[in-house]
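Given the sequences, and given the hints that come with them, work out the whole structure.
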Amino acid sequence: MIQLDSIPNQELVEEIQAINAIYEPDTITVTHSGSGSGLGLGLGLGSAQSNAASAGAGTLDLGNSRHEDDSARTEVTLHIPGQANLSFRLGLASTYPETRPEVLGTASTAARGEGKVAVDVLEDIIQRTWQPGAVCLFDVISEAVEVFPELNIGGAQETPAAAAAAAAAAATEDDAEPNETQSSHLAAAGSSEPGNANTKAPVDCLTSFSLRDAYGLDHPPDWTISDVLTEKKSVFVARAIRVKSLAQAQAFLDHLLSTDDKVAAATHNISAWRIKQSKESDARTSTKPGSHAPETAETVIQDYDDDGETAAGGRLLHMMQLMDVWNVLVVVTRWFGRIHLGPARFKLINDAGRDALVKGGFTRGENTSASDKSKKKGKK
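Just so you know, we're using the UniProt record's numbering here: the sequence shown kicks off at 1 and counts up by one.
Simulated from the structure, these hints should not be mistaken for lab results.
Please note: incorrect hints may appear among the correct ones.
Said to hold, decoys possible - Lysine-lysine pairs mimicking BS3-like chemistry, simulated, CA-CA at most 30 Å apart:
hint, residue 1, residue 2
1, K359, K347
2, K279, K232
3, K359, K276
4, K116, K232
5, K262, K232
6, K116, K359
7, K279, K116
8, K244, K359
9, K276, K347
10, K262, K347
Claimed, not checked - Ranges between beta-carbon positions, derived for each pair:
hint, residue 1, residue 2, range
11, P25, H219, 41 to 49 Å
12, Q302, K359, 40 to 48 Å
13, G216, F138, 49 to 57 Å
14, D254, P8, 23 to 31 Å
15, K233, I22, 19 to 27 Å
Think of the CB as a built atom: it goes at the ideal place given N, C-alpha and C, for glycine as much as any other residue.
Shown next, in the form of structure tokens:
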């Protein structure tokens, strides 16, 4: 572990000393001092966390660990107090606190897939907390200690395999006489030895079986997730996905709320959907003279669910109408930060929803907008 006296930035040294005195002694540990001493091996995460970090499990590297133009930058690992499985890698330039701390990635998380959301949340906290010339790490930690538990990020989570096995077991318990398909799947799972090359197949079968049995789905929904928006401790995250029918949209929503504890525990999950379904009419009932082929009619389905956030769903649907989005389900999740936002919350909900739609490529004409602009460019 690199000693603090090797850090050339005295303000940073004093801040780290104060934080480690207030919280645990390894809340912030230095992994690179910026003085040419190299990387330290001690991350201050405890033996179990260090092993997990070194193994690369549950970590996220944003690919900007070093800047060639700032050899004096200090890199540290920040362990969020009260979150045993959550820590981040930060970079602080030699000009800190005049320049803002940079999140390089996660050093540890409780489960795969948490890293991106966790990094987005911390970056938002830093952006709002940092003021040029004033140290900010203590304020960042103070807010992070409140925000991350509310989002249920960093806590122990059930593994996918365990969740699939539990779902399959629950399904068989509900059925007094399980059919042969259920029995064969469960028997295969029970006969698999650890390390057996055939272990993965039964788990996949169990997962697929439980999805079809519980939700009518062959595969887990592939959501497009927006950037995290934070305002006065309230957090907003949107998801968007392509759907073909109202039944499929409901199945995707049910799966999300049943399998993601963080989303299920949120204050509101506002949703909206717009769907066009083709419906063929029989040629014998066609009213067009000389018609032999069946006519194709469209059924339009568009609706929303406020989930307790009055008027939010209607506004979200109206935004989708303005964007001319079809066959898409949008879900905006809000975790209330105990500070009322007033009408501003509607803009944040729509901003998150719009970001998910754009990221997923669901907006009409998105791919042609750039070419259209280039054609117009230069015209007087």
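Each hint tested on the structure:
{"no.": "1", "hint": "K359 with K347", "in the structure": "18 Å, holds"}
{"no.": "2", "hint": "K279 with K232", "in the structure": "47 Å, violated"}
{"no.": "3", "hint": "K359 with K276", "in the structure": "22 Å, holds"}
{"no.": "4", "hint": "K116 with K232", "in the structure": "21 Å, holds"}
{"no.": "5", "hint": "K262 with K232", "in the structure": "19 Å, holds"}
{"no.": "6", "hint": "K116 with K359", "in the structure": "15 Å, holds"}
{"no.": "7", "hint": "K279 with K116", "in the structure": "41 Å, violated"}
{"no.": "8", "hint": "K244 with K359", "in the structure": "19 Å, holds"}
{"no.": "9", "hint": "K276 with K347", "in the structure": "27 Å, holds"}
{"no.": "10", "hint": "K262 with K347", "in the structure": "22 Å, holds"}
{"no.": "11", "hint": "P25 with H219: 41 to 49 Å", "in the structure": "46 Å, holds"}
{"no.": "12", "hint": "Q302 with K359: 40 to 48 Å", "in the structure": "22 Å, violated"}
{"no.": "13", "hint": "G216 with F138: 49 to 57 Å", "in the structure": "50 Å, holds"}
{"no.": "14", "hint": "D254 with P8: 23 to 31 Å", "in the structure": "55 Å, violated"}
{"no.": "15", "hint": "K233 with I22: 19 to 27 Å", "in the structure": "21 Å, holds"}
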